[in-house]
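For reference, the chains in residue letters:
There are 4 protein chains.
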Amino acid sequence: MNKRKIINDPVYGFISLPTDLIYDLLEHPWLQRLGRIRQLGLTYLVYPGAQHSRLSHALGAMHLMQLALETLSSKGIVITPAEAEASAIAVLLHDVGHGPFSHTLEHSIVTGAGHEAITAAMMQKLNQEFNGHLDLAIEIFSGNHKKKFLHQLVSSQLDMDRMDYLNRDSFFTGVAEGVIGYDRIIKMLFVHNNELVVEEKGMYSVEKFLISRRFMYWQVYMHKTVLAAEEMLKLILTRARSLQKKHQSISPALNHFLSHQTSMDDLKKETILHQFAKLDDGDVLQALKIWSDEQDSVMAFLSRRLLMRKLFKIEISERPFPESKISDLVNRLSEYFRISPQEAANLVIHDSTSNHAYNPSHENIHILYRSGEVQDVSAASELFTHDALKKPTVRHYLCYPKEVSSR
Amino acid sequence: MNKRKIINDPVYGFISLPTDLIYDLLEHPWLQRLGRIRQLGLTYLVYPGAQHSRLSHALGAMHLMQLALETLSSKGIVITPAEAEASAIAVLLHDVGHGPFSHTLEHSIVTGAGHEAITAAMMQKLNQEFNGHLDLAIEIFSGNHKKKFLHQLVSSQLDMDRMDYLNRDSFFTGVAEGVIGYDRIIKMLFVHNNELVVEEKGMYSVEKFLISRRFMYWQVYMHKTVLAAEEMLKLILTRARSLQKKHQSISPALNHFLSHQTSMDDLKKETILHQFAKLDDGDVLQALKIWSDEQDSVMAFLSRRLLMRKLFKIEISERPFPESKISDLVNRLSEYFRISPQEAANLVIHDSTSNHAYNPSHENIHILYRSGEVQDVSAASELFTHDALKKPTVRHYLCYPKEVSSR
Amino acid sequence: MNKRKIINDPVYGFISLPTDLIYDLLEHPWLQRLGRIRQLGLTYLVYPGAQHSRLSHALGAMHLMQLALETLSSKGIVITPAEAEASAIAVLLHDVGHGPFSHTLEHSIVTGAGHEAITAAMMQKLNQEFNGHLDLAIEIFSGNHKKKFLHQLVSSQLDMDRMDYLNRDSFFTGVAEGVIGYDRIIKMLFVHNNELVVEEKGMYSVEKFLISRRFMYWQVYMHKTVLAAEEMLKLILTRARSLQKKHQSISPALNHFLSHQTSMDDLKKETILHQFAKLDDGDVLQALKIWSDEQDSVMAFLSRRLLMRKLFKIEISERPFPESKISDLVNRLSEYFRISPQEAANLVIHDSTSNHAYNPSHENIHILYRSGEVQDVSAASELFTHDALKKPTVRHYLCYPKEVSSR
Amino acid sequence: MNKRKIINDPVYGFISLPTDLIYDLLEHPWLQRLGRIRQLGLTYLVYPGAQHSRLSHALGAMHLMQLALETLSSKGIVITPAEAEASAIAVLLHDVGHGPFSHTLEHSIVTGAGHEAITAAMMQKLNQEFNGHLDLAIEIFSGNHKKKFLHQLVSSQLDMDRMDYLNRDSFFTGVAEGVIGYDRIIKMLFVHNNELVVEEKGMYSVEKFLISRRFMYWQVYMHKTVLAAEEMLKLILTRARSLQKKHQSISPALNHFLSHQTSMDDLKKETILHQFAKLDDGDVLQALKIWSDEQDSVMAFLSRRLLMRKLFKIEISERPFPESKISDLVNRLSEYFRISPQEAANLVIHDSTSNHAYNPSHENIHILYRSGEVQDVSAASELFTHDALKKPTVRHYLCYPKEVSSR
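Protein chains in written order, with numbering that gives the first Met the number 0: chain R, 0 to 406; chain S, 0 to 406; chain V, 0 to 406; chain G, 0 to 406.
Calculated directly from the structure, the hints in this document are not laboratory data.
Please note: incorrect hints may appear among the correct ones.
Identical chains share a label here; the pair holds if one copy fits it or two copies do between them.
Listed below are the simulated PhoX-like cross-link pairs for lysine-lysine, each with C-alpha atoms no more than 20 angstroms apart in a straight line [unchecked claim]:
1. Lys-200 / Lys-223
2. Lys-312 / Lys-200
3. Lys-223 / Lys-4
4. Lys-309 / Lys-4
5. Lys-200 / Lys-4
6. Lys-74 / Lys-4
7. Lys-4 / Lys-312
Using the sequences provided together with the hints, build the complete structure.
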């Protein structure tokens with residue numbers, strides 16, 4: 000009774016830590032580290048409130064999991080206490096392998112492994128430390144548990160992860176349009192043939208959820224100013240790696256990853272995981288300050304710019320940008336900064352991003368009718384009967400120093 | 000018209016940047032730095048939502064200033080556009096001289112100057128950069144402007160600073176009890192004999208504001224777990240300084256301040272201000288990681304503990320702790336850790352904190368009656384007619400490693 | 000200065016009454032009457048919080064008008080103080096001619112005139128009382144003012160009326176999904192060629208607004224239980240009129256309208272308007288109690304049922320119900336209640352309702368691109384490029400006493 | 000599974016109806032009637048949002064009861080399912096005997112019995128209808144159950160009734176200062192020696208709760224304009240009764256109570272309860288319209304005034320008003336309206352109201368310390384160590400027609 004069991008959360012009021020194991024996991028340095036990693040990376044440059052951490056998101060998603068399990072239990076779905084705890088743990092740990100600014104820097108820091116692989120490796124290691132008590136959680140997380148709906152609560156197009164991040168990102172950015180009726184959706188959850196379904200009368204709420212997600216995608220996650228800042232950060236890290244020199248003043252952990260290629264196999268080494276577990280936003284932001292005084296002028300230029308919020312210009316288009324426009328930009332950059340065209344080309348980013356309001360090809364959302372019939376939401380909802388929201392929306396962007404405005 | 004003029008804020012919805020000068024100030028690296036300093040330091044260890052930055056607070060306070068000036072104008076108080084801009088700037092910059100964790104580390108990093116002195120120095124420097132356009136703002140900030148009520152909006156027991164931080168800290172910690180009726184209080188502001196007053200019918204709101212502040216003081220600002228963490232951090236910085244060695248791996252800026260005593264005179268040097276302006280939370284948190292592997296075992300012990308959230312035990316009492324209890328703790332620590340009693344003594348913190356719900360001796364809050372009479376709120380309100388809320392509440396605390404529990 | 004100028008509103012915090020004329024209008028008994036008429040009629044039977052009045056909606060819409068005018072002014076659109084006051088008045092009065100439960104009973108009480116005609120007549124009469132000071136407001140309201148955008152703020156698919164009612168109905172029902180980003184949309188309003196437009200970056204917010212409106216339509220406004228209750232109420236009023244007898248115990252005003260046919264011409268008579276202005280929800284709800292003890296057994300049956308919340312069964316379908324099903328129901332009702340088939344037929348309601356997410360054929364919403372180009376939102380938004388949201392959605396319903404369940 | 004079990008509530012999101020019995024009670028016409036009675040009577044004349052019903056309050060209090068019982072259960076306090084249901088019912092029905100505007104009209108309509116007596120009688124009658132299934136609920140309600148803490152959750156200075164009404168009234172009036180940290184207080188509840196207690200760390204929240212209640216008392220419940228309106232209403236009902244004539248056009252139920260004295264014994268008669276159960280706000284508001292055209296000029300004057308919001312002037316004072324001032328007012332009224340001094344005296348109301356922030360003499364709030372010690376909150380809290388908040392605050396008021404302003 001002397002373990003602190005209730006945590007204040009601005010989004011949901013209070014979050015309960017249901018068991019001692021969960022309390023102990025939360026205290027673990029690998030979880031505490033998530034308290035020093037922003038959920039939305041550099042987004043705070045545009046939305047000053049968006050400083051919330053991955054830790055608060057993990058707690059929030061765990062809270063929603065508890066609500067969802069209560070709803071299902073109250074409707075007669077059997078969920079044992081062990082399964083309930085394991086489901087909560089699965090979602091609490093689902094992002095434990097994220098590094099700093101991982102949306103942007105995923106392969107710039109740890110070259111050979113994405114956050115999913117790192118998460119899996121860290122879970123295994125934690126399971127050892129906790130004497131196998133995470134077995135069931137890992138089973139659920141990885142989709143190997145017989146109650147498939149538990150996995151779907153952790154990972155699907157209507158999982159507790161998404162519900163919390165939409166709520167939370169909307170809350171902290173102050174973008175009211177991202178608000179979702181998470182409590183209504185959760186109250187409408189049910190299980191049918193071992194699959195998670197939403198009862199018919201929750202369908203409009205699901206539609207709204209998908210529209211909110213689409214809204215947040217373009218208004219927040221892909222905000223053009225944030226995108227510009229992130230592309231600059233990516234350039235900086237790439238350049239840091241390419242300079243292939245000792246980065247004495249930056250943190251030892253970041254130095255390690257920038258001086259080495261990391262492979263999937265490396266994740267099996269405890270030392271690598273421990274190095275990784277030292278990384279947080281601070282390692283990168285502190286390095287930017289060091290690099291602002293770096294001899295390499297491109298590094299210094301980019302780092303100083305980013306810290307001073309003098310961001311690249313960014314253009315968005317529904318169509319790819321013509322090659323001629325890009326080469327023109329490169330030429331002007333080369334002239335303006337007196338650098339080689341090759342170097343100048345590194346400063347012009349052209350890329351694209353795409354988003355599905357709803358992807359009907361996997362991890363689907365199913366609607367259960369009173370009649371007992373089950374339909375995919377893309378068939379059930381009028382909003383989705385046409386292609387617009389099922390096909391990914393693609394946007395091309397072109398990003399370069401402001402000095403050379405495109406004509 | 001191409002400067003971004005509206006900023007999303009989760010507390011107030013939208014914040015407008017009323018003029019180009021304010022926009023440019025906000026973009027200045029010294030203001031942007033506040034985006035990397037948490038308003039509540041280590042409070043996020045207890046309230047995971049409390050990651051909000053000093054920048055968002057500065058913006059919020061500026062927003063409330065605009066609301067207050069609108070209210071006063073609508074009641075016939077003359078405020079020129081220049082005064083309105085200057086008042087907004089004064090409050091926007093009022094905390095610019097805060098360093099990382101400055102509530103805790105105020106004199107541990109910059110030994111000879113508090114944040115007010117640094118703020119004053121930075122404002123002067125900014126004023127040079129902006130060609131004297133901050134003259135009026137500085138006049139208001141420092142209380143030298145003839146319209147005294149403008150200064151009172153920036154700094155008094157009912158200033159926009161306090162209103163915003165109560166709102167904001169309450170919002171981000173999720174502690175509903177800190178909510179204040181800021182809009183009602185602002186609507187009730189008036190000016191009488193050149194002094195800021197609150198109209199009679201706003202008195203209950205002022206009472207609530209003072210009670211909320213008291214609530215937040217004990218529930219959040221002096222939360223015992225946070226206090227323990229902060230005391231550990233202070234110990235660490237003090238020890239770092241005393242080790243008197245080159246801290247090669249920590250940031251150059253932090254290294255500078257830990258290797259030197261800084262005097263008030265130093266603030267006149269541009270280089271010192273620029274060093275200071277490089278400091279943010281990251282410098283300290285990154286140093287903690289370095290120090291976790293430090294040779295000095297006390298440094299390593301404390302740093303590792305803090306990062307792993309294994310915090311000191313803390314006891315609170317209305318009375319000072321007896322000397323015998325403290326010496327007993329020191330002895331047991333000395334034995335337990337096999338360190339000298341002098342070293343052990345450094346690990347036992349006994350100190351006190353005090354808080355006024357309302358301090359009737361300066362920067363008073365005045366209530367204006369319909370009759371034209373003005374009274375101090377401590378005389379006007381029944382809540383304050385007795386001493387309890389006018390006298391400071393004092394709490395003593397004793398903080399030490401958990402290993403040696405006190406008997 | 001002694002007129003109360005600020006009103007608490009749970010949705011927006013505070014609403015200011017900007018001028019004395021508006022204050023006096025608000026105090027007028029015809030406006031005060033709206034405080035006794037529920038905005039959502041019988042919806043409180045399903046959503047217990049939905050007791051909010053038409054008066055609070057009128058105030059809310061007026062508040063949004065003020066915000067919109069402030070935004071437009073700050074962008075350089077010229078709006079004179081007289082136009083601002085008149086626009087506020089136009090929206091304050093836009094629903095003054097609504098009767099009790101007017102969504103349902105529009106032509107059941109006042110047979111020959113809808114609420115728009117009554118509103119127009121009441122505005123004219125008020126204008127006389129206020130010595131022509133409403134001339135400009137009426138001009139704007141009726142679309143005859145040269146600044147067309149002012150009328151569009153009062154009445155269009157993106158008017159302040161809709162914005163407030165979505166906000167407000169969502170707030171009071173507790174249906175979070177109806178929340179709209181009204182402040183963002185308002186901040187994005189502009190005027191182009193004398194027409195109201197939304198700046199490009201507000202487009203996603205407009206999409207969300209339209210989706211929210213669609214959501215509220217099906218989830219709240221057409222909630223099937225509410226629909227059943229309303230249809231019962233309509234039956235009752237129709238029967239009351241048909242009984243053609245003196246309704247001595249019901250209110251004189253309601254009695255008048257139930258005993259007479261009212262024509263458009265009647266609205267010119269001051270006495271008729273005064274009779275109408277006496278009607279509020281109470282007249283109808285009190286009559287239900289009287290009619291519960293009525294000799295006519297159908298009246299008594301229906302009234303008692305409605306008061307006791309024993310509502311009709313309602314079925315919803317995308318297709319019209321087959322005649323055979325309806326006649327079967329009528330027969331069984333006739334048997335069950337031992338009434339004639341004609342009477343039984345009156346107890347079976349088959350009707351339909353339809354809703355446009357966005358109607359591209361009138362009062363359009365226009366998006367202004369940075370390029371200066373203007374597009375209809377249905378062309379600009381991917382959501383609306385297909386027919387689904389432009390075509391009305393039609394739902395048929397069948398409503399009848401529970402006693403005879405349909406097979 | 001076909002009984003609707005979840006209800007939207009704007010204050011708490013969703014309210015669950017935990018059992019079929021509770022569902023059936025809620026559908027009962029006596030509960031449904033509470034949906035037509037405003038929780039705050041005429042307060043909507045000042046706070047337009049305050050239209051919320053006693054039904055929504057009853058549901059809200061029941062919801063908080065469920066949260067409180069969950070908390071207590073999770074801390075090991077044994078509460079059987081039957082006790083949980085009965086506690087929920089007790090609080091759901093705690094106000095069932097309130098009549099329209101009962102805060103004001105308690106003894107003006109039903110002369111010989113207060114709402115507590117009527118509630119008790121109605122509960123007994125409901126218990127008959129429900130075949131004794133309310134036995135346990137009535138036992139808890141009336142304080143006869145052995146688990147005293149269950150009764151304290153229903154009725155004490157920290158009961159679910161008060162928590163909900165502060166939350167709810169604050170929400171609907173839009174008075175942010177009334178917000179309480181109900182969830183924190185509930186999480187801190189515990190049982191000690193069969194009595195409800197609050198754990199030590201909830202003490203500041205209890206203080207805030209008491210201060211909020213005091214705030215709401217003076218800012219909302221005793222708002223002077225509302226008080227004036229209510230006093231007018233009371234005058235009108237008293238006069239209606241005294242005219243001792245048949246009130247043919249008003250509702251039969253109201254007519255009954257105004258034509259008869261009702262005694263406590265009458266409550267045993269089923270017909271009286273049924274008459275009472277027909278009364279709601281509509282009966283009174285409709286009568287006001289009838290009485291506006293009443294021959295008796297005082298009745299007509301007062302009724303018209305109230306409907307038109309031309310309210311009496313009201314003065315508030317800490318001291319009783321001097322007799323001379325009152326007699327002077329009476330004389331001037333007599334002259335002005337050409338009525339007898341006796342009649343004029345009826346139009347001048349002098350009365351007083353008092354409020355305890357905390358009444359230490361009964362239904363106390365107890366704080367449980369970690370040490371196991373229990374203290375009354377008035378001893379535990381510094382706020383209450385002095386008399387100010389324990390002694391009732393008394394305010395005298397004088398209320399009369401505006402025509403004769405007092406000198």
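Homomeric proximity label, Lys-312 with Lys-200: Cα distance no greater than 20 angstroms: between (46 angstroms within a copy, 17 angstroms between copies)
Should Lys-200 paired with Lys-4 be assigned to within, between, both, or neither, using CA atoms and 20 angstroms as the limit? Between copies, since 14 angstroms is at most 20 angstroms while 35 angstroms is not.
At most 20 angstroms between alpha carbons: which applies to Lys-74 and Lys-4, within, between, both or neither? between (27 angstroms within a copy, 11 angstroms between copies)
Intra- versus inter-subunit Cα pairing at 20 angstroms for Lys-309 with Lys-4: Classified as between: cross-chain Cα gap 16 angstroms, same-chain 44 angstroms, threshold 20 angstroms.
Up to 20 angstroms CA-CA - Lys-223 versus Lys-200, copy category: The answer is between: 11 angstroms across copies meets 20 angstroms, while 37 angstroms in one copy does not.
As a check of your reading, is Lys-223 near Lys-4 (CA-CA no more than 20 angstroms) within one copy, between copies, both or neither? Between copies, since 16 angstroms is at most 20 angstroms while 41 angstroms is not.
Evaluate Lys-4 and Lys-312 at a C-alpha cut-off of 20 angstroms and name the case that applies: within, between, both or neither. Only across copies: Lys-4 and Lys-312 sit 18 angstroms apart there, 47 angstroms inside one copy, limit 20 angstroms.
Consistency note: the structure conflicts with none of the earlier hints.
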